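Chemist: Residue strings, one per chain:
There are 2 protein chains.
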Amino acid sequence: MSDNQPSDPSPPEPAGEDEVGLKPELIASVAEALAAGEVAVVEKLIQSLHYADTADLLEGLGPGDRHAFVEIIRDRFDPEVLPELDETVRDEVAEQLGTEVLAGAIARLDSDDALYLIEGLEEGKRRQVLQKIPAALRKQLEEGLAFPERSAGRLMQRDFVAVPTFWTVGDTIDYMRESADLPEDFYDLFVVDAKHRPIGTVALNRLLRTKRPLKIGEIIEADMKTVPVTMDQEDVAFLFKQHDLVSAPVVDHFGRLVGTVTVDDVVDVIEEEAEEDLMRLGGVSESDIHTPAMDTARGRIRWLLVTLINTVIASTVILQFTVAIDRIVALAVLMPIVAAMGGNAGMQVVTVTVRALATRALTPANAARVVVKELSVGALNGVVFAAIIGSGAGFWFDDAKLGGVLAASMVFNMVWAGFAGIAIPLAIDRFDLDPAVSAGPFLTTTTDVLGFFSFLGLATWLLL
Amino acid sequence: MSDNQPSDPSPPEPAGEDEVGLKPELIASVAEALAAGEVAVVEKLIQSLHYADTADLLEGLGPGDRHAFVEIIRDRFDPEVLPELDETVRDEVAEQLGTEVLAGAIARLDSDDALYLIEGLEEGKRRQVLQKIPAALRKQLEEGLAFPERSAGRLMQRDFVAVPTFWTVGDTIDYMRESADLPEDFYDLFVVDAKHRPIGTVALNRLLRTKRPLKIGEIIEADMKTVPVTMDQEDVAFLFKQHDLVSAPVVDHFGRLVGTVTVDDVVDVIEEEAEEDLMRLGGVSESDIHTPAMDTARGRIRWLLVTLINTVIASTVILQFTVAIDRIVALAVLMPIVAAMGGNAGMQVVTVTVRALATRALTPANAARVVVKELSVGALNGVVFAAIIGSGAGFWFDDAKLGGVLAASMVFNMVWAGFAGIAIPLAIDRFDLDPAVSAGPFLTTTTDVLGFFSFLGLATWLLL
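In order, the protein sequences belong to chains Z and R. With the working numbering applied, the first sequence has no gaps in its numbers, which climb one by one up to 464 at the end. With the working numbering applied, the second sequence has no gaps in its numbers, which climb one by one up to 464 at the end.
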C-alpha cells in the first residue's frame, strides 16, 4: 500500500458495550414481525446472527412466538444453537423439531456437544433419538453415557491430534496438511507412546516456531496434566484454573489417551458450579427462569418447608415464655431483632465458608485458624451491636435492665453465629454432602432458637 | 518398537481425584519441617511444586510459618506465584519481599500479570515499586493503569502476533521461527491492515493445516470479535462465553490493535464475578478468608447495620399491636412464621433474578412474563403453606379463626414476596446499581413489615 494514503477520519467504531450480545430491541422486532406474520422480515432480521445469539433470541421470545420462530428456521436449523439453550427452552424446541430433525442436528455436532444434548433428554426420547443416529456415532454416544454424570468422560471430545515422539516438526506439519479428519479446533498436540498413552504435549505455537528437522521429542512439554475419564468435572475445572490450561488429554483406566477436554467446556463448568452454590444458598433448585410456574413452585417447596419447620421450632421456644411476654410485651417487640441479627451474621459466615470450601481455600490445615477468627469476628460485632441496640432499647422502653438483657443475648447469639456459621458447613462437608444446600437452614434454626431462648430466658430470669 | 513387546501389567496410575491440587498433608509436613527449622526438608518437599500449588501452600500456612517459608524461598522466588495469591496473603508476602525483589519479580511477569500485581498495591508502595522497574516496562504499566478498573485494558496482554493479509502461510511460519520476542503462549494470529487495525484472525491450527504458498488473506476468519480497551471485563467474559473464544484482539479508540485478552484471564473474571454475586447476596464484602478478624468484622458491619435497621422498623410495626399481643399471646408465637416464610420465598426469587440479570437471561423483552410467573409461584406456594400452617395453628391453639388469619396473611405475604423478589432487583438494575448488594435487605424489610402488619392487623380487626 502507498504511504501517502489519506488517513481515514472516521475509523470503524469498535463494538461498544451495548453491542455485546443480543440487543433487546432485536427480540422486540422479531416478536413484532412474528405477530404480523412477516416471515421475510424475520428472516432478514436474523440473517447474520451468531448461534449463541439465536439461542438468546429463542429464550427471549414468548412460548407462542418461539414456536412460530422455530417453524421458520426449521429447515436450516443450526445445530450449534441447541447446546446454548437453557434446559426448559431446549426441551421445548427439541420436542417441536421432532426426533428425526433432532437426531440429524446431534449427528452434526462435535462429540462433546452431542453427548451433552443426548444426556439432557428423557430416557424414552433418548432411545428414540439414538436409534436415528448413524451406528458409529451412536456407539460413541453410548460409550459417553456410560461414564458417570459430571465426569471428564461426559465433558471430553473424542477428536484430537496425537503424534509419536520420533516424528519431526516437518512430519507433523505435513501430516496436518494432508489429514482430512482433524478436529475443528485444537490448541495442543498430544504426544503418545507406543501404547497410546500420553507422555507430553506440544502447544501449537511451539510447533510453529520450531524448525522442521527437530523431533517432537525435543520440544515436548512433559510436565503435563492428564485427566482420568472418571474425574469429576469440578476437579477438571480446578486443574484448568490452577495450571492455566487450554486443553488437557483424557485417559482411560489403562492410561490410554481417549479424548480431550478444552477450556470452553471448562468455562461452562465453572459458571455452572458457581451458579449452583449461589442457587443452593438461596434455596432454589430450578435451572432457569424459563421453567413454568407450576414446576418452579414445586421446586421451591422443599426449602420453604424447611423454613416452616425451622420457624415452627422457634415458635415452640417462644411458646415456653408466654408468661414473660404477657408481663412485658416489649419482649415480643424486641425478640425478632436478636434472631435476625444472629441469622444474618451467621449467613455471612456460611457464605464465606461455602465459597472457601468450593475454591479449596479452606482445608483441614487452616480450619482451626479460621474458626478462631470467625469467633473473634462474632464477638467483635456482637459487642458493637449489643452496645447500639442495648442502649437504644434501654432508652426506647425506658428500661436499662431490658436493654442489658437484649445486649447480653445479642453478644451470645452473634458469637454462636460465628462458630456455627463455619462449623456447620465444615461438618456437612466432612460427610461429603454439599454444604451449600443445607448449611443455611441448619444455621438459622440454631440462631432463631438460641436467639429467642437466650433473650426470653434471660428476661424471665432477670426481669420478672 | 517391536510388536511383541510384553504388555505392561501395571499401567501408570492416572492422577486420581485426590491428586488434584495441593495435598493437605504436604502443608502439614512443611509446617512441621518449618517448626523444626529443617530447611533442607522444606526444600525437598517443595522441589517440584507448580507455582499455583506453591501459592496454595503459602495460603495454607499460618502467618508465622508463612514468613519463615518466604525467607527460605526468597532467593529463587517464582514471580508467577504472586498473581495466584489471595489479596491479604499477597500483600503480606509482597511486604516481606521488599520493594527491590518485588519490582524484580513484576518485571519478569507477563504484562497482564504485572499490571494485575501493580494495581493491587497501595498508592505509595506502587510508586516505589514502579521506580525500580525498567523504564520501558514502567511506561507500559503506567499506560495500563490509565485504563478504567475492570476494563479490557487492565486485562489484556501487550504481546501478540500480528500479520498482514498479503503474507503467505510460509512467510508467517518463517517469521515465527526467526522472531525471538514472540509471546510465551498464543492461540490466534491477528491479521491487521496498513493502519494496524485488526481485520480478522487465523487460528494456529488453521495455519498449520494450510500449505505454505497460500496467502493469509485466504484463510482469514473475518467474523471476529474485537474488544475495545474500555470494555468492562464482565462484557469481555460474556463475549468469550458466547462465542467460545480462546483469545480476542483488543483495540484502542482508533480501532488499532493494542493487545490481546486470552481465555485464562477470562476464566479468572468469570470466577470473580460469580463469586461477587454470591458474596454480595450473602452480605459479605471481604475478598478472602485470610483477611484478619478486625478487618473482616469491619467489612461485615454495613450489612449487619442494614439488618438492624430492617428489624427495628419491623419492631416498630409490632409495637403498634401490643394491645393485640397482650390479649392473644399466641400472636407473638406465630408472627415470626409469616415474616420468615415471606422473607425466604422472596430471597428465592431475588437469587434467581440476580443470577438471571448477571447472565442476561432476564431482559426487558421477557421481564413482564417473568413477573407474572413469580406472582403465580408466590400464590401457588402461598396457598399450599397457608393451608398447612393455617390448619396447624388452628389445631395447635384450638382456634380456627386464628388459623384463618394466619393463613390469609401468609398468602398475602408470599404473593408480595413473589412480586417484590423480582421487582426490587429489576428496579435497582434499572438505576445501574448492583442488585446483588441491596435487593436482599430491601426485600426482607418489606416482607417483615408486611408480614407483621398483615398478621397482627388482621388479628386486631377480626379477633379482638
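Hints are computed from structural coordinates only; laboratory data are not their basis. Some hints could be false.
Treat identical chains as interchangeable: a pair holds within one or across any two.
[What the hints assert, rightly or not] Simulated pairs of lysine-lysine, BS3-like, Cα-Cα distance not exceeding 25 Å:
| hint | residue 1 | residue 2 |
| --- | --- | --- |
| 1 | K125 | K139 |
| 2 | K44 | K225 |
| 3 | K401 | K195 |
| 4 | K211 | K44 |
| 5 | K225 | K195 |
| 6 | K225 | K23 |
| 7 | K401 | K23 |
| 8 | K23 | K139 |
Because the structure is a prediction, the values reported are computed rather than measured.
Chemist: At most 25 Å between CA atoms: does that hold for K44 and K225 within a copy, between copies, both, or neither?
Modeler: between (47 Å within a copy, 22 Å between copies)
Chemist: Since the copies are identical, ignore which copy is meant and state whether K225 and K23 lie within 25 Å (CA to CA) inside a copy, between copies, both or neither.
Modeler: Between copies, since 16 Å is at most 25 Å while 41 Å is not.
Chemist: At most 25 Å between alpha carbons: which applies to K125 and K139, within, between, both or neither?
Modeler: Close inside one copy (17 Å), not across copies (61 Å); limit 25 Å.
Chemist: Taking 25 Å as the upper bound on the Cα-Cα distance, should K401 and K195 be classified as within, between, both, or neither?
Modeler: Answer is neither: 81 Å inside a copy and 78 Å across each miss the 25 Å cutoff.
Chemist: Given identical chains, is K23 near K139, meaning Cα to Cα at most 25 Å, within a copy, between copies, both, or neither?
Modeler: neither (41 Å within a copy, 38 Å between copies)
Chemist: Could you place K225 and K195 in one of the four classes (within, between, both, neither) given a Cα distance threshold of 25 Å?
Modeler: The answer is within: 18 Å in one copy meets 25 Å, while 41 Å across copies does not.
Chemist: Up to 25 Å between alpha-carbons, please classify K401 paired with K23: within, between, both or neither.
Modeler: Classified as neither: same-chain Cα gap 61 Å, cross-chain 53 Å, threshold 25 Å.
Chemist: Using 25 Å as the alpha-carbon threshold, which applies to K211 and K44: within, between, both, or neither?
Modeler: neither (49 Å within a copy, 37 Å between copies)
Of the hints listed earlier, those the structure fails to meet are numbers 3, 4, 7, 8, in rising order.
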